[in-house]
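Chemist: Work from the hints to combine the two standalone chains into their complex.
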Amino acid sequence: MNTITARASATAVTVGVAANALRRLASTRLTLLVIALLALGVMLYDPSAGRGAWLLVAPLTLAALNLLGAILSNGVLRRNAALLMFHFALLAIVVLVAAGRLTYLKGQLELAEGETFSGQLTKMESGPWHRSRLEQAAFRNDGYRIRYAKGVKRAETRNAVQWLDDSGQSQHAVIGDHTPLTRLGYHFYTSFNKGFAPVFVWQGRGAAPQRGSINLPSYPIHEYGQALTWTLPGTQTPVWTMLQFDEVLLDPLRPSELRVPKRHSLVLRLAGERHELTPGMQLALPEGVLTYERLTLWMGYTVFYDWTLPWLAAACFFAVAALAWYFWRKFAAQPWDA
Amino acid sequence: MMSTAMATELQLLWAAVAIYTLAGSTAIGATVMARRVERWVLALVVAGLVVHAASLALRWERVGHGPFITLFEILSSNVWSLSLVFSIAYWRVPAIRPSAAVVMPVLFVLMGWMLVSSPGEGHFPPTYRTVWLYIHVLFGKIFLGSVLVAVGLAGIILLRRAGFAMRHTARMPDSVKLENLAFRFMILGFVFETLMLIAGAIWAQDAWGRYWAWDPLETWAFLTWIMLAFFVHARVTLRLRPHHGALFIIAVFVLAFLTFFGVPFVSTAPHKGAV
Ligand code: HEM
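Which chain is which? The protein sequence lines are A and B, in order.
Under our numbering, the first sequence has 155 at position 155, and the numbering climbs by one with no breaks.
Under our numbering, the second sequence has 1018 at position 18, and the numbering climbs by one with no breaks.
Rather than coming from a laboratory, the hints here were simulated on the basis of the structure.
Keep in mind that a hint or two might mislead.
Stated by the list, open to error - As a list, the in silico DSSO-like pairs of lysine-lysine whose alpha-carbon atoms are at most 30 Å apart: (1) A:Lys106 with A:Lys153; (2) A:Lys150 with A:Lys262; (3) A:Lys262 with A:Lys153; (4) A:Lys153 with B:Lys1141; (5) B:Lys1141 with A:Lys330; (6) A:Lys330 with B:Lys1177; (7) A:Lys123 with A:Lys153; (8) B:Lys1177 with B:Lys1141; (9) A:Lys106 with A:Lys123.
Said to hold, decoys possible - Some residues of chain A that are not near chain B, with every Cβ distance over 12 Å (derived): (10) Val17; (11) Ala112; (12) Thr122; (13) Trp163; (14) Gln171; (15) Gly212; (16) Thr235; (17) Gln236; (18) Arg274.
What the hints assert, rightly or not - Just the calculated beta-carbon pair ranges, DEER-fashion: (19) B:Arg1129 with A:Ile221: 19 to 27 Å; (20) B:Arg1062 with A:Glu257: 20 to 28 Å; (21) A:Val57 with B:Arg1062: 43 to 51 Å; (22) A:Trp311 with B:Arg1161: 42 to 50 Å; (23) B:Pro1119 with A:Val152: 20 to 28 Å; (24) A:Val152 with B:Leu1238: 52 to 60 Å; (25) B:Leu1071 with A:Leu102: 35 to 43 Å.
No residue lacks a Cβ here, since even glycine has one placed at the ideal position from N, Cα and C.
So here's chain B without its partners, still in its complex pose (with noise of 0.2 Å):
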């Protein structure tokens, strides 16, 4: 039987999702027709953002620990902190408003995904009880949370060079200035993925005796990294075209995407802290 208190977190949860939706939707139909609701889109997220705070809030009291440990939680959490980068960056840069039609269905992804997982309870072990898992995971979701703008702007650079989405996007700068803008965030991503590596391996030396150990996650992790200093580089050594820097800025995320969501519950020896 479900107590009454996860029927509030799941009803708080499903509630956000629908703000999200409609918040998301509305910010297509914005980008597609062309149409200024961008203020409303903005009020939209922030309530969804408050309302989903507040279930995840909810677990957390009620589970004892924070939401790090199921693929429902890390979901959850991702969710809600990719939305709230999103939408900072979608407030202070305008120019990047209409790439809401790219970055939503990936959060609609996400949040279908979240919806289909199960809610229970994972086991908080005793390596995790460390200022460094906030940190750690804090500079993962602003390096995700970076990326993810960045592929907003990649998209469009995509879309329009296959010849769609030209008009939708004329409002925005030319591919080259959105190139540039996106390499804006993914340096933000890269600098605090960057972070969220040295804080890993403070923590796991602290807990487990060892820096590093070259564990599926750590792998993948790095992977990510290398290819973004590989991008970094190839950007000024071989001056990509706006287009193949998007094509990097997507090929990061979906190595990203794959570590953050994939790796850690697929892999048969899973991140030493999560047994």
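The shape of chain A in the complex, shown without the other chains (with noise of 0.2 Å):
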């Protein structure tokens, strides 16, 4: 045998494994085993518990192949153009998940009335490959307005944000329920979780004044429990902080609206004494001033981040009607009153 036959010989066995091998990948007995893995996979995936993704990328993964191979080897999928393309936009959006899920970003975030956001967040997951742009996503929060219904049930929000625009033109819009604003591909939702924001101003001993508030406890959920610890910035000095009013703020008894307490006063315990604050009073402590300035609301957001989804949308409407497509033409052949 001379060479050249050997490596003709050599190719034909290569090539004869790569169709075995696509021909097992392209099983439809293997697509029957896939789908029934997936159910299992997602009976038994517990997003809650944080684990188990496996449990769906494994047989996604496996479907995928599967897909593929059926895309390029099964006759009947290839001479059927609308069945191929139903099957080429499922193996489309199985990819563009995985894609949404390397790089999505997913967080939350609170903004008192007044304050500008900076990048950061409360609470983060995202995708191994997302690179972040959060900072350059700035925007303010103007104040908000959410009503309630009759028995202390949320109705709309709609909540003021202003932002630079890339000309340095500042932008305003009113977003809320249904309206997020989207800032380079990050969608801020506003969210059930707010409440109110006490204002300070510290001037620590030799230092610039500081102005900055706090956000206590998410209202009404806390309502009975609007406390907070917090440490005066450049010391070690804990401040327990307990706003207090008298007002009924949520009626449950007729429709009403957030906002701040007409009366208030704050409850503050630091180094063993006691002292109740109104808006415009001092607190004079060794390590410098503490000025209680005024009360304001906070509004908890959550960020989410997906540039897959649009392409999804349409992966997902492409197959749909593919589908339709194909089954309209095989039934139409024959009456529906056989």
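Modeler: Pasting the structure below:
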């Protein structure tokens, strides 16, 4: 046997092995197994425990390979444009979902009225390939209105926000419920998480005054737990702070709106002493002077980034259209009342 | 105290249930006695639908939102939509008519359950104020309705196989043809279920900033979809016999039924929007 025929037969063997592998990969019996495994994975998967993603990843990977094999080699699929397009769209959906999971970001943030988002999230999860541009997605919370129906049922949320566009122009919008703010592909949604934010000015000894707010626990969920401990900037001094007011803000008997109470006070406990402050009052401490300015509201936002969304929607609609087309033709060939 | 508007609404509902029951019993009687009273059945179902629609409209007007929130509302609107879909199929595809003997008892169960569930009002959350709600619900109702029609045929196939109802369903096509017909309705349902899931995902992205979160309702609805995908494939790959197909159809319906009427009301973490 000379080298050329040896090589040719080696190639033939390789091609044969590859064709065989493809046939197995494309097997419609494998499809049944894959679909069953996917069902099993969906039943066992428990995202709240934060585990078991492989239960979905494994069958979906197998599904993608199986689909690819069938698209490349199954005669029935290849002869039927509509069915082929449907399965191709399914493959595209699996690939897009994978790409989305690798690059997404989901997080939470809180902004007091007048505060600008600086890229800091209170909670975050993201795909390993997410490259954050959150710092460039700055916007300011200009305050919000939330109406409540009788029985303290939350109705619409209207949140005014402001940001600078690429040309440095200030832009305004009202977001809430179905309307997120979208900046650089990040979608910012208002959430049910919101509450009161006392604003303080702290002047440490020999330091410049700094203004800041603390976000008290979510209201009205923690209506009876409006207290928080924080630390004076640049010190180790813990400050326990509680908001007090008598007014019924959200009346169960009639429609109402969330707002700052007309009259309130803050109880502060620090260094073993109790103080009660109303807006404008100051507290002279060994480390500096603390001024309580006023009470505002903070809003909790969720942020979501996934560049695949429009493509995914397109692939889904394409899939249904192809599926409907395939069966339309198939069923039209024979009357329904056969 | 019950308002007069609510009293009227409930009286109309009772009247509709009575008419449906009469229609259903007539249809079952027609199957069993092989009598041709089908025009009457259709006329009665249409009358029931009209009276029921009036009750639903009164309630919509009174509570200010559609029947999408409480178990009572969901049962009521589904009794209406399922009756509508079945009556359209009954009218357009005469071959399926004797299957009313299977379909009507399913509707009776839903009606009985509706009558014992509380007709009180629920809260309509702000995230429901979107056109996607209507699209999602509409697709879902067409899906369940189509599957119910298939269930009627599947029931006949299984009854025949068990040796019952041979004579009563003699004027229906043979089981192979029936299964093919049932499969068409399953596919119709499949297309609309796919659309329902897509519309739901778009709505969820809009309202809660995530298109899919594996909440129990989403998970169950997706499982129903997967099961249908399995059925479609098993049917061609394994060349299923009619009664196997029929068993699949029943299983898909049971899963969908539990998803529609069970999961949202037993789950501790209900579909995000409902809270
Ligand atoms: C996971 C990988 C999959 C592969 C490799 C695959 C492959 C195939 C093939 C080869 C056929 C033609 C069968 C034949 O006529 O012999 C087919 C048909 C079909 N597939 Fe898939 N499929 C897959 C997943 C799915 C999924 C997830 C769905 C549904 C959602 C689906 C829906 C359908 C439908 C509706 C038909 C037409 C059946 C009929 O005409 O009765 N497939 N598939």
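Chemist: Now look at each hint and say whether the structure bears it out.
Modeler: Evaluation of the provided hints:
Pair hint Lys106 (chain A) plus Lys153 (chain A) holds up; C-alpha atoms about 27 Å apart against a cutoff of 30 Å. For the hint pairing Lys150 (chain A) with Lys262 (chain A), the CA-to-CA distance comes to about 21 Å; that is within 30 Å, so the pair holds. With a C-alpha separation of about 22 Å, the suggested pairing of Lys262 (chain A) with Lys153 (chain A) holds against the 30 Å cut-off. The suggested pairing of Lys153 (chain A) with Lys1141 (chain B) holds, with an alpha-carbon distance near 28 Å, which does not exceed 30 Å.
Annotation: proposed proximity of Lys1141 (chain B) to Lys330 (chain A) holds, straight-line Cα distance about 24 Å (limit 30 Å). Between Lys330 (chain A) and Lys1177 (chain B) the CA atoms are separated by roughly 15 Å; this keeps the pair inside 30 Å, and the hint holds. This hinted pair checks out: Lys123 (chain A) and Lys153 (chain A) have alpha carbons roughly 26 Å apart, not beyond 30 Å. For a cut-off of 30 Å, the pair hint linking Lys1177 (chain B) to Lys1141 (chain B) stands: about 26 Å separates their Cα positions.
Taken as a hint, the Lys106 (chain A) and Lys123 (chain A) pair is honoured in the structure, with Cα atoms around 8 Å apart against an allowance of 30 Å. Look at Val17 (chain A): its CB is around 25 Å from the nearest CB on chain B, clear of 12 Å, so calling it non-interface holds up. For Ala112 (chain A), the non-interface assignment is confirmed: its Cβ lies about 21 Å from the closest Cβ of chain B, beyond the 12 Å cut-off. Non-interface status of Thr122 (chain A) relative to chain B is upheld: no Cβ of that chain comes within 12 Å, the nearest being about 15 Å off.
The beta carbon of Trp163 (chain A) sits about 18 Å from the closest Cβ of chain B, which is more than 12 Å, so the claim that it is off the interface holds. Once the 12 Å rule is applied to beta carbons, Gln171 (chain A) is consistent with being away from chain B; the minimum gap is 21 Å. Residue placement check: Gly212 (chain A) keeps its beta carbon more than 12 Å from all beta carbons of chain B (closest about 28 Å). At roughly 38 Å from the closest C-beta of chain B, the C-beta of Thr235 (chain A) stays outside 12 Å, upholding its exclusion from the interface.
No Cβ of chain B comes within 12 Å of the Cβ of Gln236 (chain A); the nearest lies about 38 Å off, and the non-interface call holds. With a closest Cβ-Cβ approach of about 38 Å to chain B, Arg274 (chain A) is found to remain outside the 12 Å limit, as its non-interface label requires. At about 22 Å, the beta-carbon gap between Arg1129 (chain B) and Ile221 (chain A) stays in the expected band of 19 to 27 Å. Hint check: Arg1062 (chain B) to Glu257 (chain A), Cβ distance near 25 Å, so the stated range 20 to 28 Å holds.
Between Val57 (chain A) and Arg1062 (chain B) the Cβ separation comes to about 49 Å, which falls inside the hinted range of 43 to 51 Å. Between Trp311 (chain A) and Arg1161 (chain B) the beta carbons are some 47 Å apart, a value that agrees with the proposed interval 42 to 50 Å. Taking the beta carbon of each, Pro1119 (chain B) and Val152 (chain A) are about 23 Å apart, inside 20 to 28 Å as hinted. Distance hint for Val152 (chain A) and Leu1238 (chain B): a CB-CB separation of about 56 Å, consistent with the stated range 52 to 60 Å.
For Leu1071 (chain B) and Leu102 (chain A), the hinted distance range of 35 to 43 Å is satisfied, since their beta carbons lie about 40 Å from each other.
When each numbered hint is compared with the structure, no violation occurs for any of them.
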